[in-house]
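For what it's worth, our numbering labels the leading residue of the sequence shown as 5, then goes sequentially.
Calculated pairs, DMTMM-like style, for lysine to aspartate or glutamate (alpha carbon to alpha carbon, straight line, at most 20 Å):
1. 113 <-> 75
2. 83 <-> 53
3. 102 <-> 55
4. 66 <-> 97
5. 111 <-> 56
No lab work stands behind these hints: they were computed from the structure.
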Amino acid sequence: VYGEKRDNMVIPVPEAGSNIAYYESLYPGDFKMPKQLIHIQQQPDFDLDSEDEVFVNKLKKKMEITSVQFEEMIDRLEKGSGTQEAKLLLKEDDELIKEVFDYWTRKRKNCKSGSLIPTVKQEKRDGSSTSDPYVAFRRRTEKMQTRKNRKNDEAGYEKMLKLRRDLSRAVTILEMIKRREKSKRELLHLTLEIVEKRNGMPDYGSEVMAEALAQRALVKPIYTIPIIPLSNSN
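Generate the whole structure from the sequences, applying the supplied hints.
And the structure:
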């Protein structure tokens, strides 16, 4: 059960040994702090196997060569193959270059993957490897549509100013329409209130209405509101 504690459960931890026979060969004790900064060179991608170690040991009996030097030579041959190219790539003796090059060609022929250095398989430029399931990265079938950069020129600036002026005018017109409709609504309410008052008095002969209009004519209002004439109704 998940989360249950058991006494017989042990976390596996690798054992650390102190008596290692080849420890001194890997980590010599004559290390001294260098006066300059430590410069690290790029390590080769090719790694020796048991067959390569046997060949390097045979070459050591005839020539001076190290394992790292052999790895660098094979790595350069893998990245730029050919006999003439090998002499330009490998700055070693001609006999050593010939021995390593012959060994590399034999091993390359026996290799089924086509390359001694493991690499990520990618799609070819001609698109011939579209059906290969081992291709890791493929090209886009359709080109991505990117947004074009808009130029901030003088013509575009003038168009934006004209658009802003037109929008400001549209806002002003809408505000005036709002005020007009509000005034119409107030006029409608006042007219309805006048009708209700006349009906309650009752002023069927329009005498009170005529008297009110006469008094109103003596005072000039600031805003003139048109009054809708009403006909007598019985």
